[in-house]
Structure formats: structure tokens, C-alpha cells
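Counted from 1, the sequence shown has number 276 at position 276 by my numbering; the numbering is strictly sequential.
Quick caveat, the hints were computed from the structure, so don't treat them as lab data. For glycine and all other residues, C-beta sits at the position ideal for the given N, C-alpha and C. Keep in mind that the hints are not guaranteed to be accurate.
As the list claims (entries may be wrong) - In the DSS-like style, the derived pairs of lysine-lysine whose C-alpha atoms are separated by at most 25 Å in a straight line are: (1) K26 with K58; (2) K221 with K235; (3) K98 with K19; (4) K244 with K272; (5) K291 with K272; (6) K182 with K221; (7) K207 with K138; (8) K207 with K277; (9) K152 with K404; (10) K182 with K207; (11) K235 with K138; (12) K19 with K32; (13) K244 with K277; (14) K221 with K244.
Claimed, not checked - Just the calculated beta-carbon pair ranges, DEER-fashion: (15) T242 with F4: 37 to 45 Å; (16) F4 with E233: 37 to 45 Å; (17) E233 with A368: 32 to 40 Å.
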Amino acid sequence: MSDFRQQALDYHQYPTPGKISVELTKPANSSKDLSLAYSPGVAEPVRAIAEDPDNAYKYTAKGNLVGVISNGTAILGLGNLGPLASKPVMEGKALLFKRFAGLDAIDIEVSHRTTQDFINTVANIADTFGGINLEDIKAPECFEIEQALIEKCNVPIFHDDQHGTAIVTAAGMLNALEIQGKELRSARIVCMGAGAAAIACMELLIKCGAQREHIYMLDSKGVIHTRRDDLNEYKALFANNTDKRTLEEVIEGADLFLGVSGPDLLSPDALKLMADKPVVFACSNPDPEIKPALAKKARNDVIIGTGRSDYPNQVNNVLCFPFMFRGALDVRATAITDEMKIAAVEAIRQLAKEEVPAAVLEASGDNALSFGADYIIPKPMDPRLCQRVARAVAVAAVESGVAKIPLPKNYMLDQG
Numbered sequence: 001m002s003d004f005r006q007q008a009l010d011y012h013q014y015p016t017p018g019k020i021s022v023e024l025t026k027p028a029n030s031s032k033d034l035s036l037a038y039s040p041g042v043a044e045p046v047r048a049i050a051e052d053p054d055n056a057y058k059y060t061a062k063g064n065l066v067g068v069i070s071n072g073t074a075i076l077g078l079g080n081l082g083p084l085a086s087k088p089v090m091e092g093k094a095l096l097f098k099r100f101a102g103l104d105a106i107d108i109e110v111s112h113r114t115t116q117d118f119i120n121t122v123a124n125i126a127d128t129f130g131g132i133n134l135e136d137i138k139a140p141e142c143f144e145i146e147q148a149l150i151e152k153c154n155v156p157i158f159h160d161d162q163h164g165t166a167i168v169t170a171a172g173m174l175n176a177l178e179i180q181g182k183e184l185r186s187a188r189i190v191c192m193g194a195g196a197a198a199i200a201c202m203e204l205l206i207k208c209g210a211q212r213e214h215i216y217m218l219d220s221k222g223v224i225h226t227r228r229d230d231l232n233e234y235k236a237l238f239a240n241n242t243d244k245r246t247l248e249e250v251i252e253g254a255d256l257f258l259g260v261s262g263p264d265l266l267s268p269d270a271l272k273l274m275a276d277k278p279v280v281f282a283c284s285n286p287d288p289e290i291k292p293a294l295a296k297k298a299r300n301d302v303i304i305g306t307g308r309s310d311y312p313n314q315v316n317n318v319l320c321f322p323f324m325f326r327g328a329l330d331v332r333a334t335a336i337t338d339e340m341k342i343a344a345v346e347a348i349r350q351l352a353k354e355e356v357p358a359a360v361l362e363a364s365g366d367n368a369l370s371f372g373a374d375y376i377i378p379k380p381m382d383p384r385l386c387q388r389v390a391r392a393v394a395v396a397a398v399e400s401g402v403a404k405i406p407l408p409k410n411y412m413l414d415q416g
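Please build the complete structure, drawing on both the sequences and the hints.
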């Protein structure tokens, strides 16, 4: 572990500190170049944008630029370490946008006194970007922040910890249920964890067909039920009228388990209480709620996914967020709608059913992959994700009325 720590520090420090930089897209080699790039030539696009704000997409980088914005209150499972400490994560997010979707991204870390201060800061700079990716903001403030910014801004706002996690989770769970011969509508679901990711996952599963009354959610105090008086408005949406109070009580007969909580919190004995052919997503990082080997020893009929790349069925947000923004920005969407999220779910889950190219096998270190218990969602290095997910999202944006321009001709049809 100490070797890996030093490798990580060296990676971030050498040969140049950080993971992103700015590159020029226009020549700047002569006096003529400079006169066009700055004064006096820059006055012409300034006037054009003043006349019509949409010209910013024509004359500036706005249409391919994402703001990755955080206050560092919920950093990658490390907790509230502050805005500056979150900068390596936000730079990493920018790297992923560029690597997987060709999007330029810049990280912004915000110090603030109140939630409203943060909202105002982001809203006041929103027009700089084609879209804004909120990241590592703790619950329940993240819900208020995202909703307020959606109302204030004319560019898509996407809190990836909520919706990116939910989209990839839903895609994987729907495929796992299909393999197990079950339907989401009739599935009993246990969700261990009640933060931003957990609530978003359950809300999206409901939009995909799950029944709210079939969901049992637990926080650090146990089952969320209607007789508790300590629930915020977001947890209260999942309060069941039940006498059950423990994980063991609610997991008996359950078809689906989602863990977004902490390590080793799902015991083999509790897993044994689940229904035949259960599906378990143990997504606590770096250590899951139950390790796959232990889960399969307890139940040979289980399909299990985790958040780790060294186990099959990694639930990884990079399967989603770069391509959500690619599709949204390419039709100048003003928001991310439920239709766009569900379109992403379907695109991701359908790709897992197709033959896996040799290049993907090589990149993932697998000899073979085919749709089944150990391959329910695509690998992050699959180059087809951009084409499939971005197109699905762009089409859904147009059809749901939030796109400002039509789908470009032959959009993403000549790739992958």
C-alpha cells in the first residue's frame, strides 16, 4: 500500500504537477494572429454574442466546456476535507471527460459560508460553460443545491454522485434481473445507505418500474419507517409503514440489495435470507459491503456487482457521465431530463448484450466476456459507449424538448 501511495503521489507531481492543462486551438505565431485572437479582432465575436447570446456556441469554447464544481464536503469516501483537498478529484474528473468524450473540463473548488452562497457562486458563473457537473457535495445539501441551480441556470446541471451512480446501477440491476428471470416491478429491494447516491438510485429505479412500497431503505439508525421523527424530507420519501427495524428483518425474501454504505455490513447469514437468485450490488469503496468470493460461497445463485475494477461487474460512473454531457452539449440541452437518464440506462444495458471487441478484452485483461452473471454492464474502456450513450441522450433531449438545436445529421452513426 505504501508503494501505491508513492506511485499515486508521483503520478500527480511529475513531470508536471496536476492532471490537466490548457492548449491553444488557434495559431498565435504572428502579429496578424494576435490581432485576430485579441485586440482588435476579438471585438467582432464580442459584438455578435452581445446581439445573440447563442453565438457564444459559435465563437467560443462554451459548447464543449464542462465545469466540474465542488465544495469538498463529501470527497470520494474520504468525507468533508474541504474545497482545496478536493482539487485532485476534480482534476481527475476533467481528465475523464477529455479521455472518454473529448470534452474540455475545468475544475472549480468553491469556499462558502452558506448553501445559498454556493448556489449563487455557481449560478453567477454558469454561462461560462456548456454544462456543469457537480461533484462530492454532501447530502442533504446536494439536493437543494442541484434543484436551485436547475431552476436558475440555462445549461444542464448534473450531480454525478446522484445521477451517474443511479444510471449505471439501474442498467446493471435491470440486466442482472433479466438474467435471473425476474422483473423490476415485482422485485423487493433493500437499500443500505440513505445518502445522495442511495436516494437517486432508488428514485431512478422507480422511474424504471420499481414499486416504492417494495423498497426498504436503511441508514445508520436502521430501517427508515413512518414512526421515525428524525428524517429529512428526502429520506421521508422512503419511510415504510412497517414494524421491521433491522437489516435481517427486511432482507428476508428480498430480490435486490444495493449497498452504498460501508465495508462488510452485509453478512453471509443475511445474504442467505434473500430470495432465490438474488442480485447484490455492494458498492462501498474501497471495501464492499460483502466481498464477491464470500457472497458466492454463501449463495451460488447470486449475481454480485461492486465499485471495484478488480472484480467483475464494476459499477463505475465513467460508463455514464462523460457521454451524458457529450450528448447534452451536442444538442445544446438546457437540462438533464428523466427521459435522458432512462435513455442512458437503456443504451448501457443493451451494449452489454453485444459481442465484446478484442480491444476491450485486451484493455480489461479478460480472455472472454459475454452477457451473463459476470458481465452485466460494459467495461469502462469500451469505445462504443460514447457513440451509443451520447446518441441516446441527445435523441432523448430533442424528444423531451430541452434541446436548443436539432440532432446533427448522422450524429454518432459513423462511429463505433
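Against the structure, the hints come out as follows:
1. K26 with K58: Roughly 14 Å between the alpha carbons, so the hint for K26 and K58 holds.
2. K221 with K235: Judged against 25 Å, a Cα distance of about 12 Å means the pair holds.
3. K98 with K19: Given pair K98, K19 holds - Cα atoms ~11 Å apart, limit 25 Å.
4. K244 with K272: This hinted pair holds, its Cα atoms lying about 18 Å apart.
5. K291 with K272: Holds - the C-alpha atoms of K272 and K291 are around 14 Å apart, at most 25 Å.
6. K182 with K221: violated (31 Å)
7. K207 with K138: holds (24 Å)
8. K207 with K277: Roughly 23 Å separates the two Cα atoms, so the pair holds.
9. K152 with K404: The hint holds at about 17 Å.
10. K182 with K207: Given pair K182, K207 holds - Cα atoms ~17 Å apart, limit 25 Å.
11. K235 with K138: holds (14 Å)
12. K19 with K32: Since the Cα atoms of K19 and K32 sit roughly 32 Å apart, the hinted pair is violated (cutoff 25 Å).
13. K244 with K277: The hint holds at about 23 Å.
14. K221 with K244: holds (13 Å)
15. T242 with F4: 37 to 45 Å: holds (44 Å)
16. F4 with E233: 37 to 45 Å: holds (41 Å)
17. E233 with A368: 32 to 40 Å: This hint is violated: roughly 48 Å between Cβ atoms.
Violation of the numbered hints given earlier is confined to hints 6, 12, 17; the remaining hints are satisfied by the structure.
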